[in-house]
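Colleague: Those sequence lines, one after another, are chains A and B.
For the first sequence, the positions run 1 to 125 when our numbering is used.
For the second sequence, the positions run 126 to 615 when our numbering is used.
Check each hint, because a few of them may be wrong.
Residues of chain B clear of chain A, computed beta-carbon distances all greater than 12 Å [to be verified]:
| hint | residue |
| --- | --- |
| 1 | Phe358 |
| 2 | Ile384 |
| 3 | Phe463 |
| 4 | Arg534 |
| 5 | Ala585 |
Cut-off 25 Å, straight-line C-alpha distance, at most; resulting in silico cross-link-like pairs (BS3-like, lysine-lysine) [what the hints assert, rightly or not]:
| hint | chain 1 | residue 1 | chain 2 | residue 2 |
| --- | --- | --- | --- | --- |
| 6 | B | Lys404 | B | Lys491 |
| 7 | B | Lys290 | A | Lys119 |
| 8 | A | Lys55 | A | Lys97 |
| 9 | A | Lys17 | A | Lys86 |
| 10 | B | Lys271 | A | Lys2 |
| 11 | B | Lys491 | B | Lys596 |
| 12 | A | Lys4 | B | Lys484 |
| 13 | A | Lys18 | B | Lys599 |
| 14 | A | Lys86 | A | Lys26 |
| 15 | A | Lys119 | B | Lys404 |
| 16 | A | Lys2 | A | Lys18 |
| 17 | B | Lys537 | B | Lys566 |
| 18 | A | Lys2 | B | Lys484 |
| 19 | B | Lys599 | A | Lys10 |
| 20 | B | Lys566 | B | Lys484 |
| 21 | A | Lys2 | B | Lys511 |
| 22 | A | Lys4 | B | Lys404 |
| 23 | B | Lys547 | A | Lys2 |
| 24 | B | Lys491 | B | Lys599 |
| 25 | B | Lys606 | B | Lys596 |
| 26 | B | Lys588 | B | Lys547 |
| 27 | B | Lys292 | A | Lys4 |
| 28 | B | Lys163 | A | Lys17 |
| 29 | B | Lys271 | A | Lys17 |
| 30 | B | Lys408 | B | Lys292 |
| 31 | B | Lys408 | B | Lys537 |
| 32 | A | Lys10 | B | Lys290 |
| 33 | B | Lys271 | A | Lys119 |
| 34 | A | Lys18 | B | Lys547 |
| 35 | B | Lys550 | B | Lys588 |
| 36 | B | Lys163 | A | Lys10 |
| 37 | B | Lys408 | A | Lys4 |
Beta-carbon label-pair distances, calculated as ranges [stated by the list, open to error]:
| hint | chain 1 | residue 1 | chain 2 | residue 2 | range |
| --- | --- | --- | --- | --- | --- |
| 38 | B | Ala256 | A | Leu124 | 30 to 38 Å |
| 39 | A | Ala21 | B | Ile424 | 28 to 36 Å |
| 40 | B | Ala438 | A | Ala21 | 19 to 27 Å |
None of these hints come from the bench; they were simulated from the model.
Virtual Cβ for every residue (Gly too), placed ideally from N, Cα, C.
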Amino acid sequence: MKLKSWDDLKNYRDDIKKEAAESAKKVTIAVGMGTCGMAAGAGEVYEALEDELKKANRTHSVSLISVGCYGFCYAEPMVEVRVAGKAPVQYGYIDPKTARAIVRRHVENEEILHDHVIKQEVRLA
Amino acid sequence: MSDTYTGQYRITLRNCGVINPESIEEYIMADGYEALAKALFELTPEGVVDVISESGLRGRGGAGFPTGFKWNAARKSPGDVKYVICNADEGDPGAFMDRSILEGDPHTVLEAMAICGYAIGAREGVIYIRAEYPQAVNRLYDAIAKAEALGLLGDDIMGSGFSFKIKIYQGAGAFVCGEETALMNSIEGGRGEPRLKPPFPAQNGLWGKPTNINNVETYANIPSIIRRGAAWFRSFGTEKSPGTKVFALAGKINNVGLIEIPMGTSLRDVVEVIGGGIKDGKKFKAAQTGGPSGGCIPIEHYDTAMDYESLGALGSIMGSGGLIVMDEDDCMVSIARFFLEFTADESCGKCTPCRIGNKRLLEILKRITEGEGREENMYELEYLGKVISDTALCGLGQSSANPVLSTLRFFKDEYVEHIHDKRCKAGVCTALLRFFVLEDKCTGCTLCARNCPVMCISGAPRKPHTIDNKKCIKCGLCLSKCPRDAIIRV
Numbered sequence: 001m002k003l004k005s006w007d008d009l010k011n012y013r014d015d016i017k018k019e020a021a022e023s024a025k026k027v028t029i030a031v032g033m034g035t036c037g038m039a040a041g042a043g044e045v046y047e048a049l050e051d052e053l054k055k056a057n058r059t060h061s062v063s064l065i066s067v068g069c070y071g072f073c074y075a076e077p078m079v080e081v082r083v084a085g086k087a088p089v090q091y092g093y094i095d096p097k098t099a100r101a102i103v104r105r106h107v108e109n110e111e112i113l114h115d116h117v118i119k120q121e122v123r124l125a
Numbered sequence: 126m127s128d129t130y131t132g133q134y135r136i137t138l139r140n141c142g143v144i145n146p147e148s149i150e151e152y153i154m155a156d157g158y159e160a161l162a163k164a165l166f167e168l169t170p171e172g173v174v175d176v177i178s179e180s181g182l183r184g185r186g187g188a189g190f191p192t193g194f195k196w197n198a199a200r201k202s203p204g205d206v207k208y209v210i211c212n213a214d215e216g217d218p219g220a221f222m223d224r225s226i227l228e229g230d231p232h233t234v235l236e237a238m239a240i241c242g243y244a245i246g247a248r249e250g251v252i253y254i255r256a257e258y259p260q261a262v263n264r265l266y267d268a269i270a271k272a273e274a275l276g277l278l279g280d281d282i283m284g285s286g287f288s289f290k291i292k293i294y295q296g297a298g299a300f301v302c303g304e305e306t307a308l309m310n311s312i313e314g315g316r317g318e319p320r321l322k323p324p325f326p327a328q329n330g331l332w333g334k335p336t337n338i339n340n341v342e343t344y345a346n347i348p349s350i351i352r353r354g355a356a357w358f359r360s361f362g363t364e365k366s367p368g369t370k371v372f373a374l375a376g377k378i379n380n381v382g383l384i385e386i387p388m389g390t391s392l393r394d395v396v397e398v399i400g401g402g403i404k405d406g407k408k409f410k411a412a413q414t415g416g417p418s419g420g421c422i423p424i425e426h427y428d429t430a431m432d433y434e435s436l437g438a439l440g441s442i443m444g445s446g447g448l449i450v451m452d453e454d455d456c457m458v459s460i461a462r463f464f465l466e467f468t469a470d471e472s473c474g475k476c477t478p479c480r481i482g483n484k485r486l487l488e489i490l491k492r493i494t495e496g497e498g499r500e501e502n503m504y505e506l507e508y509l510g511k512v513i514s515d516t517a518l519c520g521l522g523q524s525s526a527n528p529v530l531s532t533l534r535f536f537k538d539e540y541v542e543h544i545h546d547k548r549c550k551a552g553v554c555t556a557l558l559r560f561f562v563l564e565d566k567c568t569g570c571t572l573c574a575r576n577c578p579v580m581c582i583s584g585a586p587r588k589p590h591t592i593d594n595k596k597c598i599k600c601g602l603c604l605s606k607c608p609r610d611a612i613i614r615v
């Protein structure tokens with residue numbers, strides 16, 4: 001399906017935005033899986049999250065995605081928890097054990113793991 | 126920007142770590158390809174070049190050359206066949222800005238290249254990417270395929286009549302192929318050796334055709350500038366260096382990683398505020414910018430603005446954005462040697478100044494760090510460095526002496542100490558180190574002597590021991606084994 005005009009692009013954008021909003025899962029977990037993240041062990045963290053979400057029966061309501069490098073390389077592996085209606089929380093220095101704790105405490109109980117939160121401010125231009 | 130916030134503003138990294146790079150839908154939802162559509166349907170090729178020129182965007186690969194000027198030159202060159210090249214070779218040690226953009230937001234580069242193609246009249250683009258970036262290579266192939274499937278790349282983009290195809294070419298491990306003319310030779314199947322300029326790529330480039338070649342980060346600015354306008358871009362940074370720059374912070378700093386800051390932010394703010402300060406509470410000594418082509422900025426210039434002109438005035442360069450922070454435990458002579466070892470190794474050998482000059486420069490530095498420095502070495506380094514800078518054929522040779530000249534300028538006393546006193550105060554150059562037993566603390570437990578791999582420590586049990594510094598190999602094992610802190614390293 002090829003876009004054949006500027007309007008096609010705009011309509012396509014609107015369509016996918018609508019679809020994303022409708023099917024949007026309330027929670028998205030983003031794991032930094034650029035080369036730096038992978039070198040620090042993000043692969044194992046992702047697998048742990050995937051497994052824990054299965055165990056908690058939350059694969060249908062939580063979206064698990066991989067993203068690129070956010071720049072906080074000193075804190076890799078990094079996990080960001082995005083809950084609809086709330087500010088995203090960025091966690092650093094995550095290992096598989098802490099990753100599972102994120103699912104059990106933050107996702108299930110809305111309890112933020114303050115020890116691991118990264119407090120560096122970044123703004124979009 | 127009315128509050129007292131000193132920090133990052135993301136333009137090129139806006140999507141990195143935010144969107145899934147393998148989803149073209151997420152890129153489109155983040156206003157992706159809107160800039161390309163605007164260019165194709167609302168602006169003429171000249172109009173696109175005008176916006177880029179007005180924005181004042183300068184090349185982010187290191188040289189800081191005005192991007193609009195380059196695009197205009199390629200646009201004006203006669204000919205039906207032209208090329209757009211993206212320089213994704215990123216050879217500076219410690220630099221990974223381009224890798225992060227390519228892995229985290231590949232579509233932004235593709236969109237920018239298509240916009241450039243429209244502006245200059247090219248139908249083909251090539252991304253020259255170093256083979257050491259396999260994840261980035263995969264992401265690019267994936268992104269190109271997805272864009273073509275949607276009609277955002279390839280033939281008749283969005284029904285505009287403009288066609289643009291992008292190919293990927295992987296490098297073979299040579300730093301010199303980051304230099305634009307050596308890069309083009311490499312694509313053509315030749316040796317990675319630079320060509321004389323002029324003619325410039327805009328007139329005579331890939332396969333002899335007019336070519337525009339820009340760095341990844343330069344391209345990553347393009348979609349935002351087209352969408353939001355030149356005035357918006359100029360609201361960041363300084364008059365002569367508008368916009369933002371991505372820096373890769375490395376070394377003795379707490380927040381190691383990537384930051385994107387407005388040009389003109391002070392080095393002090395970068396290190397202390399954004400970078401989280403020096404590790405382990407040590408003291409800032411210098412910051413190296415521009416990698417092997419750059420120089421050091423000492424604490425006297427801690428408040429220097431990070432922009433092209435200010436760094437140039439201090440004998441350094443902005444470079445691609447590598448920023449290595451050093452503390453009191455770093456030896457500046459050793460740092461200069463480290464960078465020169467790199468450039469001497471990567472020299473292609475085509476021109477004499479670089480091929481022989483760098484080798485000689487390195488030999489002198491090695492002798493100095495090994496305790497065999499001579500009085501005339503300081504003059505030799507300075508003279509040789511300047512000759513190489515003035516006469517080398519390409520940017521590699523022209524800038525390879527910068528770390529040496531810069532450290533000579535700001536840290537002359539360290540060179541004097543190494544040469545005259547045969548001492549390395551930072552404790553880095555092992556050949557200049559000496560170990561001593563403090564007689565009043567030594568209890569003669571013989572632990573040091575028993576552990577010394579070359580048996581250069583002598584002494585009777587329960588009597589103070591002595592280290593023979595002529596035999597000592599400076600491994601430091603004795604110091605680490607001593608239970609009384611009776612051994613010192615000087």
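Colleague: Look at each hint and say if it fits the structure.
Modeller: Hints versus structure:
Not every beta carbon of chain A lies more than 12 Å from that of B/Phe358, the smallest distance being close to 9 Å; the non-interface claim is violated. Listed as outside the interface, B/Ile384 is inconsistent with that label: its C-beta sits roughly 6 Å from the nearest C-beta of chain A, within the 12 Å cut-off. The Cβ of B/Phe463 sits about 21 Å from the closest Cβ of chain A, beyond the 12 Å cut-off, so the non-interface label holds. Distance check for B/Arg534 against chain A: the nearest CB is about 31 Å away, which clears 12 Å, and the non-interface claim stands.
The beta carbon of B/Ala585 sits about 50 Å from the closest Cβ of chain A, which is more than 12 Å, so the claim that it is off the interface holds. Straight-line distance between C-alpha atoms of B/Lys404 and B/Lys491 comes to about 29 Å, which puts the hinted pair past the 25 Å bound. For the proposed pair B/Lys290 and A/Lys119, the alpha carbon gap of about 42 Å is over 25 Å, so the pair is violated. For the hint pairing A/Lys55 with A/Lys97, the CA-to-CA distance comes to about 14 Å; that is within 25 Å, so the pair holds.
Among the hinted pairs, A/Lys17 with A/Lys86 is consistent with the structure: their alpha-carbon atoms are about 19 Å apart, no more than 25 Å. For the suggested pair B/Lys271 and A/Lys2, the alpha carbons sit about 11 Å apart, so the restraint of at most 25 Å is met. This hinted pair checks out: B/Lys491 and B/Lys596 have alpha carbons roughly 21 Å apart, not beyond 25 Å. Using a Cα cut-off of 25 Å, the hinted pair A/Lys4 and B/Lys484 is violated, with the two alpha carbons roughly 58 Å apart.
Restraint check for A/Lys18 and B/Lys599: not satisfied, since their Cα atoms lie roughly 67 Å apart, outside the 25 Å limit. A C-alpha spacing of about 10 Å is found between A/Lys86 and A/Lys26, which places the hinted pair at or below 25 Å, so the restraint holds. A hinted pair counts as satisfied when its Cα atoms are at most 25 Å apart, and A/Lys119 with B/Lys404 qualifies at roughly 17 Å. With a C-alpha separation of about 20 Å, the suggested pair A/Lys2 and A/Lys18 falls inside the 25 Å cut-off, and the hint holds.
Our distance criterion of 25 Å between C-alpha atoms is broken by B/Lys537 and B/Lys566, whose separation comes to about 36 Å. Between A/Lys2 and B/Lys484 the CA atoms are separated by roughly 56 Å; this puts the pair beyond 25 Å, and the hint is violated. Restraint check for B/Lys599 and A/Lys10: not satisfied, since their Cα atoms lie roughly 68 Å apart, outside the 25 Å limit. This hinted pair does not check out: B/Lys566 and B/Lys484 have alpha carbons roughly 46 Å apart, beyond 25 Å.
Proposed proximity of A/Lys2 and B/Lys511 is contradicted: the alpha carbons are some 57 Å apart, above 25 Å. The hinted pair formed by A/Lys4 and B/Lys404 fails the criterion: a straight-line CA distance of about 54 Å is larger than 25 Å. As the CA atoms of B/Lys547 and A/Lys2 are separated by approximately 71 Å, the hinted pair breaks the 25 Å bound. Taking the CA atoms of B/Lys491 and B/Lys599, the gap is about 17 Å. The hint holds against a cut of 25 Å.
Taking the CA atoms of B/Lys606 and B/Lys596, the gap is about 19 Å. The hint holds against a cut of 25 Å. For the proposed pair B/Lys588 and B/Lys547, the alpha carbon gap of about 30 Å is over 25 Å, so the pair is violated. Distance restraint check for B/Lys292 and A/Lys4: the Cα-Cα separation of roughly 23 Å lies within the 25 Å cut-off, and the hinted pair is therefore satisfied. At most 25 Å may separate the alpha-carbon atoms for a hinted pair to count; B/Lys163 and A/Lys17 meet this at roughly 20 Å.
The suggested pairing of B/Lys271 with A/Lys17 holds, with an alpha-carbon distance near 18 Å, which does not exceed 25 Å. With a CA separation close to 48 Å, the supplied pair B/Lys408 and B/Lys292 exceeds the 25 Å bound. Taking the CA atoms of B/Lys408 and B/Lys537, the gap is near 19 Å; set against the 25 Å cutoff, the hint holds. Proposed proximity of A/Lys10 and B/Lys290 is supported: the alpha carbons are some 22 Å apart, at most 25 Å.
Of the supplied pair hints, the one linking B/Lys271 and A/Lys119 is violated, its CA atoms being roughly 36 Å apart against a limit of 25 Å. Distance restraint check for A/Lys18 and B/Lys547: the Cα-Cα separation of roughly 71 Å exceeds the 25 Å cut-off, and the hinted pair is therefore not satisfied. The suggested pairing of B/Lys550 with B/Lys588 is violated, with an alpha-carbon distance near 30 Å, which exceeds 25 Å. Among the hinted pairs, B/Lys163 with A/Lys10 is consistent with the structure: their alpha-carbon atoms are about 11 Å apart, no more than 25 Å.
As the CA atoms of B/Lys408 and A/Lys4 are separated by approximately 59 Å, the hinted pair breaks the 25 Å bound. Checking the proposed 30 to 38 Å range against B/Ala256 and A/Leu124 shows it holds: the Cβ atoms sit about 33 Å from each other. A hinted range of 28 to 36 Å is violated for the C-beta pair A/Ala21 and B/Ile424, which are about 52 Å apart. A hinted range of 19 to 27 Å for the beta carbons of B/Ala438 and A/Ala21 is inconsistent with their spacing of about 52 Å.
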